[in-house]
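Asker: Residues per chain, in single letters:
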Amino acid sequence: MAAREMTYAEALREALREEMARDERVIIMGEDVKINVWTVTRDLHKEFGDRVINCPLSESGFSGAGVGAALTGMRPVVEIMYHDFTLYAADSIANQAAKYRYMCGGGDFKVPIVFRVAGGGSSGGSGCHHGQSLEATFIHFPGLKVIFPSNPYDAKGLLKTAIRDNNPVVFFEHKLCYPIKGAVPAGDYTVPIGKAEVKREGKDVTIVSYAYILHKALKAADQLAEEGIEAEVIDLRTLRPVDTECILKSVQKTSKLVTAEEGTKMGGVGAEIAAIVAEEGLQYLDAPIKRVAAAEWIIASSAYADQMGIPQVEDIARAVKELF
Amino acid sequence: MAAREMTYAEALREALREEMARDERVIIMGEDVKINVWTVTRDLHKEFGDRVINCPLSESGFSGAGVGAALTGMRPVVEIMYHDFTLYAADSIANQAAKYRYMCGGGDFKVPIVFRVAGGGSSGGSGCHHGQSLEATFIHFPGLKVIFPSNPYDAKGLLKTAIRDNNPVVFFEHKLCYPIKGAVPAGDYTVPIGKAEVKREGKDVTIVSYAYILHKALKAADQLAEEGIEAEVIDLRTLRPVDTECILKSVQKTSKLVTAEEGTKMGGVGAEIAAIVAEEGLQYLDAPIKRVAAAEWIIASSAYADQMGIPQVEDIARAVKELF
Amino acid sequence: MPAIEKDTLLKIYSNMVRLRVFDDKVNLLVESGIRITQHSTRGQEATQIAATAALEPNDYVMPYHRGWGWAIGKGMDPKILLSELMGKGTGCCAGKGGVHIADWKLRIMGRPGVQAAHVPIAAGVGLSIKMRKAKDVVLCFFGDGASNEGNIHEGMNLAAVWKAPVVFICENNLYALFTPNIETTSVQDIADRAQGYGIPGAIIDGNDAIAGYEAAKEAINRARSGQGPTLIEAKTYRIHGHTAMDRFHLGGYRPKEEVDEWEKKDPVKKLRERLMEIRMATAQELDEIDQKTKEEIEEAEKFAKESPYPTREDILRDVYCEA
Amino acid sequence: MPAIEKDTLLKIYSNMVRLRVFDDKVNLLVESGIRITQHSTRGQEATQIAATAALEPNDYVMPYHRGWGWAIGKGMDPKILLSELMGKGTGCCAGKGGVHIADWKLRIMGRPGVQAAHVPIAAGVGLSIKMRKAKDVVLCFFGDGASNEGNIHEGMNLAAVWKAPVVFICENNLYALFTPNIETTSVQDIADRAQGYGIPGAIIDGNDAIAGYEAAKEAINRARSGQGPTLIEAKTYRIHGHTAMDRFHLGGYRPKEEVDEWEKKDPVKKLRERLMEIRMATAQELDEIDQKTKEEIEEAEKFAKESPYPTREDILRDVYCEA
Ligand SMILES: Cc1ncc(C[n+]2csc(CCOP(=O)(O)OP(=O)(O)O)c2C)c(N)n1
Ligand SMILES: Cc1ncc(C[n+]2csc(CCOP(=O)(O)OP(=O)(O)O)c2C)c(N)n1
Ligand SMILES: [Mg+2]
Ligand SMILES: [Mg+2]
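Protein chains in written order, with numbering that gives the first Met the number 0: chain H, 0 to 323; chain S, 0 to 323; chain A, 0 to 322; chain V, 0 to 322.
Check the hints yourself; a few may be wrong.
[Claimed, not checked] Part of the chain H face toward chain V, derived, beta carbon under 8 Å:
{"hint": "1", "residue": "E30"}
{"hint": "2", "residue": "D31"}
{"hint": "3", "residue": "I34"}
{"hint": "4", "residue": "N53"}
{"hint": "5", "residue": "C54"}
{"hint": "6", "residue": "L56"}
{"hint": "7", "residue": "S57"}
{"hint": "8", "residue": "S59"}
{"hint": "9", "residue": "G124"}
{"hint": "10", "residue": "A299"}
{"hint": "11", "residue": "S301"}
{"hint": "12", "residue": "Y303"}
{"hint": "13", "residue": "A304"}
[As the list claims (entries may be wrong)] Below, a list of computed lysine to aspartate or glutamate pairs in the EDC-like style, where the Cα atoms sit at most 20 Å apart:
{"hint": "14", "chain 1": "H", "residue 1": "K109", "chain 2": "H", "residue 2": "E23"}
{"hint": "15", "chain 1": "V", "residue 1": "K129", "chain 2": "S", "residue 2": "D49"}
{"hint": "16", "chain 1": "A", "residue 1": "K10", "chain 2": "A", "residue 2": "D76"}
{"hint": "17", "chain 1": "H", "residue 1": "K194", "chain 2": "A", "residue 2": "E321"}
{"hint": "18", "chain 1": "S", "residue 1": "K33", "chain 2": "A", "residue 2": "D245"}
{"hint": "19", "chain 1": "S", "residue 1": "K33", "chain 2": "S", "residue 2": "E46"}
{"hint": "20", "chain 1": "V", "residue 1": "K134", "chain 2": "S", "residue 2": "E23"}
{"hint": "21", "chain 1": "A", "residue 1": "K134", "chain 2": "H", "residue 2": "E23"}
{"hint": "22", "chain 1": "V", "residue 1": "K132", "chain 2": "S", "residue 2": "E23"}
{"hint": "23", "chain 1": "S", "residue 1": "K33", "chain 2": "A", "residue 2": "E182"}
{"hint": "24", "chain 1": "V", "residue 1": "K268", "chain 2": "V", "residue 2": "E284"}
{"hint": "25", "chain 1": "S", "residue 1": "K252", "chain 2": "S", "residue 2": "E321"}
{"hint": "26", "chain 1": "V", "residue 1": "K268", "chain 2": "V", "residue 2": "E257"}
{"hint": "27", "chain 1": "V", "residue 1": "K24", "chain 2": "V", "residue 2": "D289"}
{"hint": "28", "chain 1": "V", "residue 1": "K129", "chain 2": "A", "residue 2": "E182"}
{"hint": "29", "chain 1": "V", "residue 1": "K132", "chain 2": "S", "residue 2": "D49"}
{"hint": "30", "chain 1": "H", "residue 1": "K159", "chain 2": "H", "residue 2": "D22"}
{"hint": "31", "chain 1": "V", "residue 1": "K264", "chain 2": "V", "residue 2": "D23"}
{"hint": "32", "chain 1": "H", "residue 1": "K45", "chain 2": "V", "residue 2": "E182"}
{"hint": "33", "chain 1": "V", "residue 1": "K234", "chain 2": "V", "residue 2": "D259"}
{"hint": "34", "chain 1": "A", "residue 1": "K301", "chain 2": "A", "residue 2": "D76"}
{"hint": "35", "chain 1": "S", "residue 1": "K109", "chain 2": "H", "residue 2": "E295"}
{"hint": "36", "chain 1": "A", "residue 1": "K162", "chain 2": "V", "residue 2": "D191"}
{"hint": "37", "chain 1": "V", "residue 1": "K268", "chain 2": "V", "residue 2": "E287"}
{"hint": "38", "chain 1": "A", "residue 1": "K129", "chain 2": "H", "residue 2": "D49"}
{"hint": "39", "chain 1": "H", "residue 1": "K248", "chain 2": "H", "residue 2": "D285"}
{"hint": "40", "chain 1": "A", "residue 1": "K129", "chain 2": "H", "residue 2": "E23"}
Since the hints were made in silico from the structure, they are not lab data. Note that this is a predicted model, so its numbers are computed, not measured. Note that the Cβ used here is the ideal one computed from N, Cα and C, for glycine as well.
Isolated chain H, as found in the complex (with noise of 0.2 Å):
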């Protein structure tokens, strides 16, 4: 297979297109999915026609109707512009999505449907409404698979994977990921669900990341390497099931943990690894655990300010330096 250099978000579209040719049972929801904010989903209608379905302003509304539809033969991938409008479509996928296929008694009930969480992060004055990253949010409801890529590959990979799934996956994306290139293959490749993935190797230091902000890892740890230390960094993919073999390896290598997430602190994604670390891999630790996270803040509507509440290369160096 012959890999063109493309965009996460050509990649994403993809995938979308590879697999509804593959399978006419996939069908598109969402809102303005035709022209689409994000790209992504762009003017796949004019290939596939009514399998892209512009849904109303009813985040609640038109994912209950994915999970009504998967439930009866259909594979939806269903996207909610920004993360942040997850909060309204909250039931329809952790208490309905989630839950459906258990509360029937199993057997043929099952919920093969993707909700592409688009436009997470915050960039250019989006603000608290348009800016959120939620995705630790959603790892707690079990009967959830939660993805969240950073790069072209796993999107286009971990897309297929997620539209195969018989279960419900919360997929989410980031705004800022959407421009960033790599290598794609053409044609069929799958990635995993479940699996991180190192990205550099080290023997100094453990960063577990994901989404945009394993970028500013990776320079955090070119930036740490030029002072001699040797940073390991992994990109999660899944947060849901976590890949707790992949980060208990490389702490065991390491001996020291940070953790590095665009969203706030409390409750983070950052909480459940350093959790995990401690439960499962406290006798490799040689430092205290360290979790870079958004601030205390409210995410500021202003095109100027809104980058002082999320971490930076700087403050992922930072944490690792106060380790040393």
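Please arrange chains S, A and V with the ligands on chain H, whose structure you already have, making use of the hints.
Answerer: Only chains S, A and V with the ligands this time, still in chain H's reference frame:
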């Protein structure tokens, strides 16, 4: 002040009654608040008339309306009947109430509202749509304060504090706590937000818990004492902001930490507590942290089976013993 | 509308009796200390039974919390139903769903505990039927109280925009829990809300099974022929309280006279009298049905009580679909 | 309805011009690389400005995302507005709210970024007014797209049940983002939904300021006198795209002819001509207003540009109320 024995439900009711008498801006909103399945708000309308408002089934709507009333001079106490239904009201609570003040630039904008999230926890076959413990979901949002009392004394004192606070407070309750009896002073007293309490002193291990399962933790501690292990049991009472100092002080003494909660483990309250200790108290620990929490399951809607995935006294005791 | 066939009418009658006897049985079980959350349908048997009788076997039902008429009407064996309510492994949800009754073969799509959550789900089932070019219909029930939830608005709008084959039936029994709906609901006739979605809204006597059957049949035909959803409002009353919790709590939030008044409109009695009046059935025939049904429900009780509970392993299974 | 006074009409005209010039200015700033999310009101100036002109100073406005007419109409100085949009400390939200414009003194209650979230909030403001026995009214705006959100249903039902002094104005500009509303909205006239809440629903020409003022005034009077909410649907059109992102994106999802057709119904021009026709104002008077307004907006730009940004400390403040 004379203290009488009364139930948690009665204590909450007394707090409401006293606050309504004290401040006419305090109003009650929610479904069936006049008769009230939990008895907490029962018959208060006979005393306070129109200030007790039976709302339509519309958790998002009346929670949002509470925000509007709070912004313009009232102090609403909004009841959401079960933790599960907060997922309908999640936007009104975590996107609106939590962020409104900041978003409007502070100043005179404030949101003195209490969301009483009633009827948490699994019991009697309440099941996956009436039996979750969803407090962890809300600790992730700056702008909110989050409380979950375990006993009548705290219930009354914390509800009063919450009502007098000028910020949105999410006040969780547990269906199995309502009938718990305890001494409650007549008349006015408050319990501060943000302060945990050591419910039982011990030197061998710290158990951090709260709400109904706190009582199981105390029983486990009694059992452990018989086997020669003296557990210190902390009742968090407030989950946001959390009393880091109290936890660290205890862990410094005991060198061991077990958390116990009724909600699911991933992204739970225990994850946050474990992370705090791994960040700020790692040097005190001489054993891995243990988290006791619900299984990776959906709560069975069956009076026979609904405790099968919920931690019991023995689970807490077992977790502790594994550290020795 | 052609006259309803005898078979259909007798099926409706016997299912209404089945529902009533089942409902009584569950109340007795609850009194005996068995924990079942039942929202009694006493007084509301007509619409659920008649409307489901108007469905084809492949049609879907999207149920709600009030009673079990949609399950019995759709053909669920009371044995299986009661077993599920008692948490037994022989139940339709393997003892895990409890009140959240579902049955894949009977096309009972699961009864969420969150009010109105199922309404958009029903719209989605309708969408899926259309996309698969199937000819089925979904019958979706909800109460007057739930009609104020945002999900009802979103779900009805979606179904209407998609011209999905969904029939919405709102059973307006005047109360939501302990609250009379005038306190919380801005319209007297929920059916008026249909205009907001450009779909027909019909009001029927919810205690008249024949009216229920006819209205449902018409709406189902309309849906099946691609003309989109209908909202039917059935005016009715629950004779018992919200759950067993306030079963006879008549004085607290509703006047005894009101209950007495509605007792007189008993839908089972009404249908029975009508059947005899139009000479569709004799008292003897109907008595026989009554008697058989009682025996059937006794057997169901025996079956459910003797059925084993699921194992812990079974209970913890099926969180995810492994296939 | 008595004739509208000259002062009022001139105020409406000048605010409409102010809004138009401000809108143009923001577009230029965006083109120059300054990041502001503006949902242009070009073509929609009439309703927001006229309706807010019908309010008393103590009345509340519950705004929505489309433009800044409700802010300008409620008396916000363009300086302060633009400063906020540019993230300056001199802005009405101290540079933290950005598009979420609010002003305590002007009773502008904050503009959530989550569509329809503000509608129940408005109902709650109405409830609070009633409970405090005040005589104020809340004006609550939303779009045709947002009208499909569950919160609109819940909020309108609450306001109606409470007979709260809320006036809902739905500006129906035929599109929500890139989607024509026929694709997503089950009724042609959003005003029809009023019947579902037992409140009056009125349709007005959203490009006619005088009609907007009259309809708003009537609904406001009704609300103020305790008769409860009204839903006004203003039929209008946005000449520009959803945001600057698709400002001139005419071909993609809407025909150029449609835009051209609506250009002809320019509400500013319409009012101008009407004012001259009824001899309320001369061309010269109006030209003077236009000219002054342009200068005012130039000054606002200068003020906003020269204003300092807030400090990091200020930005991180006010998450909680410390008092
Ligand atoms: C979202 C949600 N809110 C509240 C409840 C609690 N609850 C269960 S039934 C009910 C009343 C429903 O009234 P209605 O829709 O009129 O149906 P009825 O019980 O009268 O048949 C309430 C409030 C719930 N299950 N889900
Ligand atoms: C809950 C929510 N969903 C989606 C969006 C994104 N969004 C912002 S404006 C808009 C379209 C709104 O359309 P309409 O209500 O008709 O107002 P208009 O823009 O046409 O003035 C959408 C989808 C949002 N801000 N909030
Ligand atoms: Mg009812
Ligand atoms: Mg619009």
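Asker: All hints, please: hold or fail.
Answerer: Each hint tested on the structure:
With its C-beta approaching chain V no nearer than about 7 Å, E30 (chain H) sits inside the 8 Å limit, and its interface hint holds. The beta carbon of D31 (chain H) is positioned within 8 Å of a beta carbon in chain V (closest approach about 5 Å), and the interface hint is therefore held. Because the smallest distance between the Cβ of I34 (chain H) and any Cβ of chain V comes to about 4 Å, under 8 Å, the interface hint for this residue holds. Hint status for N53 (chain H) relative to chain V: holds, with the closest Cβ pair at about 5 Å, below 8 Å.
The restraint placing C54 (chain H) at the interface with chain V holds, with a minimum CB-CB distance near 6 Å, inside the 8 Å limit. Contact between L56 (chain H) and chain V, as hinted, is supported at the beta carbon level, the nearest pair being about 5 Å apart and thus within 8 Å. Interface restraint check: S57 (chain H) against chain V, minimum CB-CB distance 5 Å, threshold 8 Å, status holds. Because the smallest distance between the Cβ of S59 (chain H) and any Cβ of chain V comes to about 6 Å, under 8 Å, the interface hint for this residue holds.
For G124 (chain H), the suggested interface contact is upheld, since its CB lies about 5 Å from the closest CB of chain V, less than 8 Å. Checking A299 (chain H) against chain V by beta carbon gives a least distance of about 5 Å; that is within 8 Å, so the hint holds. Look at S301 (chain H): its Cβ gets to within about 3 Å of chain V, closer than 8 Å, so that hint holds up. Annotation: Y303 (chain H) was flagged as interfacial toward chain V, and the flag holds, the nearest CB pair being 4 Å apart, inside 8 Å.
The beta carbon of A304 (chain H) is positioned within 8 Å of a beta carbon in chain V (closest approach about 5 Å), and the interface hint is therefore held. A hinted pair counts as satisfied when its Cα atoms are at most 20 Å apart, and K109 (chain H) with E23 (chain H) qualifies at roughly 18 Å. Between the alpha carbons of K129 (chain V) and D49 (chain S) the distance comes to roughly 11 Å, so the proposed pair stays at or under 20 Å and holds. Restraint check for K10 (chain A) and D76 (chain A): the C-alpha separation of about 14 Å stays at or below 20 Å, so the hint holds.
Under the criterion of a C-alpha separation no larger than 20 Å, the hint pairing K194 (chain H) with E321 (chain A) is consistent with the structure, at around 17 Å. Under the criterion of a C-alpha separation no larger than 20 Å, the hint pairing K33 (chain S) with D245 (chain A) is consistent with the structure, at around 15 Å. Using a Cα cut-off of 20 Å, the hinted pair K33 (chain S) and E46 (chain S) holds, with the two alpha carbons roughly 11 Å apart. Proximity of K134 (chain V) to E23 (chain S) is assessed by CA-CA distance (about 19 Å); at most 20 Å being required, the pair is judged to hold.
This hinted pair checks out: K134 (chain A) and E23 (chain H) have alpha carbons roughly 19 Å apart, not beyond 20 Å. With a C-alpha separation of about 13 Å, the suggested pair K132 (chain V) and E23 (chain S) falls inside the 20 Å cut-off, and the hint holds. A hinted pair counts as satisfied when its Cα atoms are at most 20 Å apart, and K33 (chain S) with E182 (chain A) qualifies at roughly 12 Å. Between K268 (chain V) and E284 (chain V) the alpha-carbon distance is near 14 Å, which keeps this suggested pair within the 20 Å criterion.
Among the hinted pairs, K252 (chain S) with E321 (chain S) is consistent with the structure: their alpha-carbon atoms are about 19 Å apart, no more than 20 Å. Restraint check for K268 (chain V) and E257 (chain V): satisfied, since their Cα atoms lie roughly 18 Å apart, inside the 20 Å limit. Taken as a hint, the K24 (chain V) and D289 (chain V) pair is honoured in the structure, with Cα atoms around 14 Å apart against an allowance of 20 Å. As the CA atoms of K129 (chain V) and E182 (chain A) are separated by approximately 16 Å, the hinted pair is consistent with the 20 Å bound.
Annotation: proposed proximity of K132 (chain V) to D49 (chain S) holds, straight-line Cα distance about 12 Å (limit 20 Å). Restraint check for K159 (chain H) and D22 (chain H): satisfied, since their Cα atoms lie roughly 11 Å apart, inside the 20 Å limit. Note on K264 (chain V) and D23 (chain V): the hinted pairing holds, with a Cα-Cα distance of about 18 Å set against a maximum of 20 Å. Straight-line distance between C-alpha atoms of K45 (chain H) and E182 (chain V) comes to about 16 Å, which keeps the hinted pair within the 20 Å bound.
The hinted pair formed by K234 (chain V) and D259 (chain V) meets the criterion: a straight-line CA distance of about 16 Å does not exceed 20 Å. As the CA atoms of K301 (chain A) and D76 (chain A) are separated by approximately 13 Å, the hinted pair is consistent with the 20 Å bound. Distance restraint check for K109 (chain S) and E295 (chain H): the Cα-Cα separation of roughly 18 Å lies within the 20 Å cut-off, and the hinted pair is therefore satisfied. For the suggested pair K162 (chain A) and D191 (chain V), the alpha carbons sit about 19 Å apart, so the restraint of at most 20 Å is met.
Between K268 (chain V) and E287 (chain V) the alpha-carbon distance is near 15 Å, which keeps this suggested pair within the 20 Å criterion. Taking the CA atoms of K129 (chain A) and D49 (chain H), the gap is about 11 Å. The hint holds against a cut of 20 Å. Among the hinted pairs, K248 (chain H) with D285 (chain H) is consistent with the structure: their alpha-carbon atoms are about 15 Å apart, no more than 20 Å. Between K129 (chain A) and E23 (chain H) the CA atoms are separated by roughly 14 Å; this keeps the pair inside 20 Å, and the hint holds.
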